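J.: Chains as they are written, first to last, in this note's numbering: chain S, 1 to 326; chain V, 1 to 326.
Treat the hints as calculated values from the structure; they're not laboratory data.
Check before you lean on any hint, since a few could be wrong.
Note that identical chains are pooled: a pair holds if it fits in a single copy or bridges any two copies.
When the alpha-carbon atoms are kept at most 25 Å apart in a straight line, the in silico DMTMM-like pairs for lysine to aspartate or glutamate are as follows [stated by the list, open to error]: (1) Lys260 <-> Glu138; (2) Lys60 <-> Glu45; (3) Lys14 <-> Asp90; (4) Lys260 <-> Glu89; (5) Lys187 <-> Asp123; (6) Lys260 <-> Glu161; (7) Lys260 <-> Glu323; (8) Lys260 <-> Asp90; (9) Lys187 <-> Glu233; (10) Lys260 <-> Asp324; (11) Lys60 <-> Glu96; (12) Lys260 <-> Glu134; (13) Lys209 <-> Asp263; (14) Lys14 <-> Glu228; (15) Lys260 <-> Glu291; (16) Lys187 <-> Glu35; (17) Lys14 <-> Glu72; (18) Lys260 <-> Glu35; (19) Lys60 <-> Asp247; (20) Lys260 <-> Glu96; (21) Lys60 <-> Asp153; (22) Lys260 <-> Asp176; (23) Lys60 <-> Asp244.
These figures come from a predicted structure and were not determined experimentally.
There are 2 protein chains.
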Amino acid sequence: MRIDGLQYANWSEKIFRQMHAGGVNAVHATIAYHETFRETVLNFEQWNRWFEQYPDLIVKAQWASDIDRARESGRTAIFFGFQNPSPMEDDIGLVEILHSLGARFMQLTYNNQSLLATGCYEDYDAGLTRMGREVIAEMNRVGLVVDMSHSGDRSTIEAAEHSTRPIAITHANPHDWHPALRNKRDKVISAVTENGGMLGFSLYPHHLKNSTACTMESFCEMVARSAERYGAEHLGIGSDLCQDQPDSVVEWMRMGRWTKTTDYGEGSPSNAGFPPMPSWFRDNRDFGNIEEGLRATGLNADEVAGIMGGNWYRFFRENFGPEDGA
Amino acid sequence: MRIDGLQYANWSEKIFRQMHAGGVNAVHATIAYHETFRETVLNFEQWNRWFEQYPDLIVKAQWASDIDRARESGRTAIFFGFQNPSPMEDDIGLVEILHSLGARFMQLTYNNQSLLATGCYEDYDAGLTRMGREVIAEMNRVGLVVDMSHSGDRSTIEAAEHSTRPIAITHANPHDWHPALRNKRDKVISAVTENGGMLGFSLYPHHLKNSTACTMESFCEMVARSAERYGAEHLGIGSDLCQDQPDSVVEWMRMGRWTKTTDYGEGSPSNAGFPPMPSWFRDNRDFGNIEEGLRATGLNADEVAGIMGGNWYRFFRENFGPEDGA
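Working from the sequences, and respecting the hints, build out all of it.
T.: Here you go:
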């Protein structure tokens, strides 16, 4: 089973066919960064059109059992998530509404401070806000997973501790392998995994040692070391594949509506756009390369199967439904 | 001249007539707490109806010169402001739009963390956010005054220092007179007034020593001591009069849409609603009592005139227009 813990592609029939070619059974697709509730609904609508147009390739997914259905029919199950709490605006009542519409992951922050917690680009991280604690409890109740991929250290640790259910870092790598601002320090990954949570390894070049030139061996060795440190069962892939997106999209991701000046985020004035992917992971067709690479590190077959998809499957099964029914 | 730096009444012809009876030449009226942009526009619309219905009592005001016009015709000039940045949502472009619609004050926070800064009810105050710094610069540019009445200490001091124009605490009292969470410590008031800003003294009972039983003498003595400490020219009145509001409104102010549980704010389970006003300041008719009380403290006539309205007039004149035209 192959499950990708996060993608934000410029979706098309081509990409859906590449998912099929790569044997990808399920993807958590980002459908909002800075969108308001109403704008997010438009994105749900767009996906409804795609499900209608490509019924042989993709299927709308809400539960782990939908992955079984997708596998049986050779399709890819699409789960929805947000990389910012913008879709819920200032309204805790929208948590349940968004879950009803199909949302299964919500980051408490993108790079900046939100109403809930602090993003990893702020100078200081004061941890969860009053509203953040209330919203985590509501997310726990309905089965909307807390994702802290873009949050600050303190906020992430507090979220892992405050949440009564496991949380996720869907797309990031260990900071001690590649000290990018978005990669996670040991204490942060430990707080998440010790509370039953998941870390999805990112293939986004800014998160990779040597960026686009990162070798598959280095990446897979990092995964194997993480399995020793945190337990292979807490690990998955969250490729952060942003395939076929124009650079205007990464500008929108970074700047939204919060600034009138240019923010380069993980990039720089001389490297402002989306970075090119490494040669061994061009797109959905290349999950097999990672699987082979992981085997070559000495991880056993069960560990590799878990990291490639089995662990996300278990996590989805346990965390997407109501708290009392979990 | 009498100017009130903040009111949030359940507006009616009765109240507009009381303003006239009390010789109130201008009021900064709160028109949003938790309202979105669209909801705030409805509140601008409601005020347009009132200006149409009561042309002999009130006048829509955008500039200090509108106060002159109101005085000449015996009416009250109404300026608009927000006690939270909710009306601008996540969109820095709305700062200029809201100024064009007539907004002249915006609090960077109500009691909780906002996208811009930290409210005084949060456990930790990390100061201005990345977006907060950008938004203050934009507010400075267009002439929308930063109001930190409900913000944390660190956020307020950083706002006073980051802002290139004077800021305001429109409605609060010194913490060393009455140590309420909403009252302001010396270092906070100093940071605001030393940068040319204003403090408006609140008559809201939770901000008064002995609450509703506070004596006029104690209040006026506190004002006189503040004049010695901070300079009388930086002081005004910001009564925080919430006349004729049902208790459901204070529940909305405190809880908005951020929590499913009851937050009592400055109140308590046994004192949950709006507290009764002190006998010497029932409503707009009683500004004369304060003026007399201030004279009795030994403040001179110019100081009293400034505190009752002249200082807000000067502040409005200097801070409501574009930065380059100020």
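J.: Taking the hints in turn, state whether each one holds.
T.: A quick look at each hint next to the structure:
1. For the identical chains of this complex, Lys260 and Glu138 are inter-copy neighbours only, at 9 Å across copies versus 34 Å inside a copy, given an alpha-carbon limit of 25 Å.
2. In this assembly of identical chains, Lys60 and Glu45 lie within 25 Å of each other by CA distance solely inside one copy; the values are 12 Å within and 42 Å between copies.
3. For a Cα distance limit of 25 Å, the shortest separation of Lys14 from Asp90 qualifies neither inside one copy, at 37 Å, nor across copies, at 34 Å.
4. In this assembly of identical chains, the alpha carbons of Lys260 and Glu89 lie at most 25 Å apart whether taken from the same copy (21 Å) or from different copies (15 Å).
5. In this assembly of identical chains, Lys187 and Asp123 lie within 25 Å of each other by CA distance both inside one copy and across copies; the values are 19 Å within and 23 Å between.
6. In this assembly of identical chains, the alpha carbons of Lys260 and Glu161 lie at most 25 Å apart only when taken from different copies (21 Å versus 36 Å within one copy).
7. For the homomeric pair Lys260 and Glu323, the shortest alpha-carbon distance between copies (17 Å) is at most 25 Å, but the shortest distance inside one copy (42 Å) is not.
8. In the homo-oligomer, the alpha carbons of Lys260 and Asp90 lie at most 25 Å apart both inside one protomer (23 Å) and across protomers (12 Å), since each shortest distance falls under that limit.
9. Proximity of Lys187 and Glu233 under a CA criterion of 25 Å is satisfied intra-copy only: 18 Å inside one chain copy versus 52 Å between copies.
10. In the homo-oligomer, the alpha carbons of Lys260 and Asp324 lie at most 25 Å apart only across protomers (18 Å), although the nearest pairing inside one protomer, at 45 Å, exceeds that limit.
11. For the identical chains of this complex, Lys60 and Glu96 are intra-copy neighbours only, at 18 Å inside a copy versus 41 Å across copies, given an alpha-carbon limit of 25 Å.
12. For a Cα distance limit of 25 Å, the shortest separation of Lys260 from Glu134 across copies, 8 Å, qualifies, whereas the shortest one inside one copy, 32 Å, does not.
13. Within a single copy, Lys209 and Asp263 get their C-alpha atoms as close as 23 Å, which meets the 25 Å cut-off; across copies the closest is 47 Å, which misses it.
14. Taking CA atoms no more than 25 Å apart as the test, Lys14 paired with Glu228 passes in neither setting, with 37 Å inside one copy and 74 Å between copies.
15. For the homomeric pair Lys260 and Glu291, neither the shortest alpha-carbon distance inside one copy (43 Å) nor that between copies (45 Å) is at most 25 Å.
16. With identical chains, the CA atoms of Lys187 and Glu35 are never at most 25 Å apart, being 31 Å at best within one copy and 39 Å at best between copies.
17. In this assembly of identical chains, Lys14 and Glu72 lie within 25 Å of each other by CA distance solely inside one copy; the values are 21 Å within and 71 Å between copies.
18. When the C-alpha separation of Lys260 and Glu35 is checked against a cutoff of 25 Å, the pair qualifies both within a copy, at 18 Å, and between copies, at 24 Å.
19. For a Cα distance limit of 25 Å, the shortest separation of Lys60 from Asp247 qualifies neither inside one copy, at 28 Å, nor across copies, at 45 Å.
20. In the homo-oligomer, the alpha carbons of Lys260 and Glu96 lie at most 25 Å apart only across protomers (12 Å), although the nearest pairing inside one protomer, at 33 Å, exceeds that limit.
21. Proximity of Lys60 to Asp153 under the C-alpha cut-off of 25 Å is found in neither arrangement, the shortest distances being 33 Å within a copy and 48 Å between copies.
22. In this homomeric assembly, Lys260 and Asp176 never come within 25 Å of each other (Cα to Cα): the closest approach is 34 Å inside a single copy and 40 Å across copies.
23. Proximity of Lys60 to Asp244 under the C-alpha cut-off of 25 Å is restricted to the intra-copy arrangement: shortest distance 22 Å within a copy versus 51 Å between copies.
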